[in-house]
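Protein sequence lines, in the order shown, are assigned to chains S and V.
Quick note on this note's numbering: the first sequence kicks off at -16 and runs consecutively.
Quick note on this note's numbering: the second sequence kicks off at 1174 and runs consecutively.
The reader is advised that the hints may include incorrect statements.
Stated by the list, open to error - Computed footprint of chain S on chain V, listed as stretches where at least three residues anywhere in the stretch have a Cβ under 8 Å from a Cβ of chain S:
(1) 1325 to 1338
(2) 1506 to 1518
(3) 1537 to 1551
(4) 1595 to 1602
Keep in mind the hints are simulated off the structure, nothing from the lab.
Note that this is a predicted model, so its numbers are computed, not measured.
We put the beta carbon where it would ideally sit given N, CA and C, even for glycine.
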Amino acid sequence: MLRFIIRRIIVIIPMLFIILSLTWGLIRLAPGNFYTGEKKLAPAVEANLRAKYGLDKAWYVQYGRVLWNMARFDFGTSLKYEGQSVNQILWRAFPVSAALGFSAYLIALVVGITTGTLAALRQNSWIDYASMALAMIGISIPNFVLGPLLILFFGLTLFWLPPALWDGFPSKSLVLPAITLSAIYIAYIARLTRSGMLEVMRSDYIRTARAKGLTEGRVVTRHALRGGLLPVVSFSGPALAFLITGTVVVERVFAIPGLGNYFINACFNRDEPLIIGIVAFIAVAVLGFNLLVDIAYGFMDPRIRY
Amino acid sequence: MRRVPSQRTVLSLIIFGLIGWMVGCAVSASNTTFFGKTNPPPDNVLRYVSGSEPESLDPQIPTGQPEARICMALYEGLTEYDPKTTAPIPALAERWEVNKDSSEFTFHLRHNARFSNGDPITAHDFVYTFRRGLNPETAARNASLAYYIKYAEAFNESAVFVFDPKSNQYLLEQDFETEAESSSSATSGQSQPAAPAQPKKAKPKPLTSQPATIAEEYPPNPEETTPDADTPFHRFLHSPERLVVPGDEKDRKKALDANPKLKAAITGKQFVPVKAEDIGVEAVDDYTFRVCLTQPAPFFISLMPHQFFRVVNQKTIEKFKDAWADPRNIVTSGPFKVQTYKPYDRIVTVRDPMYWDAANVKLDGITFFALQDNTTIMNLYKAGELDAMLNHTVPAPWLDVIKPFKDFMDAPEAAIDFYLFNTTKGPTSDVRVRKALNMSIDKAAYANWRHIKPLTALTPEGIFPGYPQPKGDAFDPDKAKQLMIAAGYRDASGKFDPAKFPTDQCELTTNPDGANLQIAEFIQAQWKQNLGLTIPIKIMEFKTFLVAQSKLDYKGIARNGWIADYMDPFNFLWLYYTPAGNNGTGWWDPKYVEILDEANRTIDHQKRYELLAKAEALALEAQPTIPLSTAATRWMKKPYVKGMYPNPQTLHAWKWVYIEHDPAKWDYAVPSMTASVAGG
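The task is simple: from the sequences and hints, build the whole structure.
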């Protein structure tokens, strides 16, 4: 197992190199600069700006510098926001996205697994149909529709919850964005749990457990769930990675200062150091979480050996 | 067996339930005087949305209006924007004198102004501020605003003087005037089209290039008993302007190769870099600040409230360098100072007790929220979480609903929307085609649809009192067809044939943000309806679009807009002062530039306006753009926020804003904007 983990960690480095080089190339190919604006700059001013940020050097010199800095984990300072280093921005924005992402996923896990399990246990009952119907709605309604609907109802008609902004964790401003984010994941997890559980409940070792005289509850929680949740675990890895590194739409709709918001603005602003920094962060997160999922598999399913 | 509702039944029940709830929401929306909750905040802190996240809290770096509003709270300048008219009013400068041809300004500062750390604010601080802003290492994006100051552009470009060691003199601009004429203009340094064949008559020199005593130069002022000192620096500035050549070797070689006379004169001479100490700003004494311009510019006073010219603390910048604007280090000069700064979220400012007029600052603090999404801003406003917002926030589709509310601030703005023509290539290089396309748009219908005022000229209508704005062409589709026929797009019988028009070389380019796409579709429909022409629309992402626009890389027509940097019609006519830069059309006429220069040399205010109007009329004859509309402010503020007016630039002097807790004294409509002397 250990050798497997080390091998996976080492592979991250060349993958990062490829991902970041591609990202850098794409940014450079895109027309426009961080200082392109509606009011054009005087040529002298533009020359000064380019000199200040080293843009007047040859492209391979700049590429080399970017690679060298990345190796030292120095992503530089944002081009658009003077004086703020990319590391500072990541340090500040990540906890917000992580808090929101984890809360949303926690809600999704609790509600989704419960609903899915109940649906599996009471197959073809009204619970089963209702929860799967709601799951269908959850998957179909995009979060830029669901979010404003929730804002309209809870924020602007009942005035129970704030319609936007982030007041820290935990606070009332967490509720609506977390629910909006979790909707689609509740749907997926419920369906995955239901199908996983259905399959497991038919298997031999569950019949054995029942035959041993265990209560149904014990059978479900101690024996069936472990196997039935395997699809959920493999789904969770990448889902959680993307959730905690920022979801652009929800952060925009609710004006939350998370990584997703920073990322989309960096792309519009052609803010190269920030884009590369965030992409590197997301890449490491996704690769890392995939690794964690594979390790978790090893613990959950005794048949799997690395 | 118990009958269980099928999956389909349950699904449809849920869907109908949702629809029913949404309908109920719409129906039950109550109609009141004001939009949403209207309860004054319990503390005396204003919650304001300034716009997108500011690029920096350093006033000399950023260019946009969102930063302007924050900088207006944190920093103060020589003059301030009047809350109702945005005309310049005294701020750190108590009074000022202007010389006889508006090429030199002397400001007398107040003696009791302080920075937020207690340091006194003196004329030396202003000298430092101006020099730092123009320093090429600062790379300030707004440095071009200060190019009117003598040698400012040369310093910012890292240019050099030419010194003759044999005669111990610097070479002078005036000796190379006719050839160097094109490179001495205060704006673009790019290559210009060939100068007209006949020699230009020499431009009259501004007073600042001629030696003169103070008494001769300034109109007599009975209040000033002691004239300001005529320092050696002042005499140096008043000597004829020195010749300036590019500092970079490659650029210099290019300029010299183009001008043999210049090249011959330069060989063998020394190059002396233009230093910060050479630019035309001077601290005559601790509280007298003098600015010497390279050309007459009566509008210079209106430029002074811009954040670029607001005073910054020298010690702090020299100590912390790029990190000086960090909330832990920052030192400010305005009515408010920074308490906390959470990027992409909010900036919390509090009243600065060190501010010279702190006793008259009514608010305890202002919280600036950095939000871009208009819907989010309107939602927060409705929920009572915001007190006021920036301009252009009410989305156009909401206008019918929002207009009846009493807290809707609608007034004309010093900003225009228009479409550029590419006059250098394609069918739009023919002025008849341009006029025809302009005349076949029903601007009144357009304005009606957008709830704004139509525009036919190049400057915003109704913004500059007393300005005799010329009228552009009216809506006349028949005349448009005649022009198209004259331009050659006709069939055998002499009638206008839309099929002959090359629509593959003419398209309407725009970025999709905001309402731009809907507007483009409207205009496209107008051309189809009135001319039978279908001009395709091309959509480009914003920055990609800007690059194409500035390189004249678009076919035919492109969308554009301009917001005034300062309150003067010249700021709109200046767009076409050079063929490059902010022009975007490729149209340039030396006669136009001549009239504008003459206008700026004119002392009489009304005569100057008449000359500017004459230039505008000249430009309208060439139709470089399709004027569409004067923008409207379109924002909202709660009725208990007083002292805030929908002025033409939506820039508010925060010291006069306050929260009124007595509902009888609230604003039950747009507050009266009749200009008055502000001050309390």
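Results of checking the hints against the structure:
Here's how the region 1325 to 1338 of chain V fares: 4 of its residues keep a CB closer than 8 Å to some CB of chain S, so the rule of at least three is met and the hint holds. Interface restraint, the region 1506 to 1518 of chain V with chain S: holds (4 residues with C-beta to C-beta distance below 8 Å; minimum three). Counting residues of the region 1537 to 1551 of chain V whose beta-carbon sits less than 8 Å from any beta-carbon of chain S gives 5, enough to reach three: the coverage restraint holds. Counting residues of the region 1595 to 1602 of chain V whose C-beta lies closer than 8 Å to any C-beta of chain S gives 0; at least three are required, and the coverage claim is violated.
Against the hints set out earlier in the document, a violation occurs for number 4 only.
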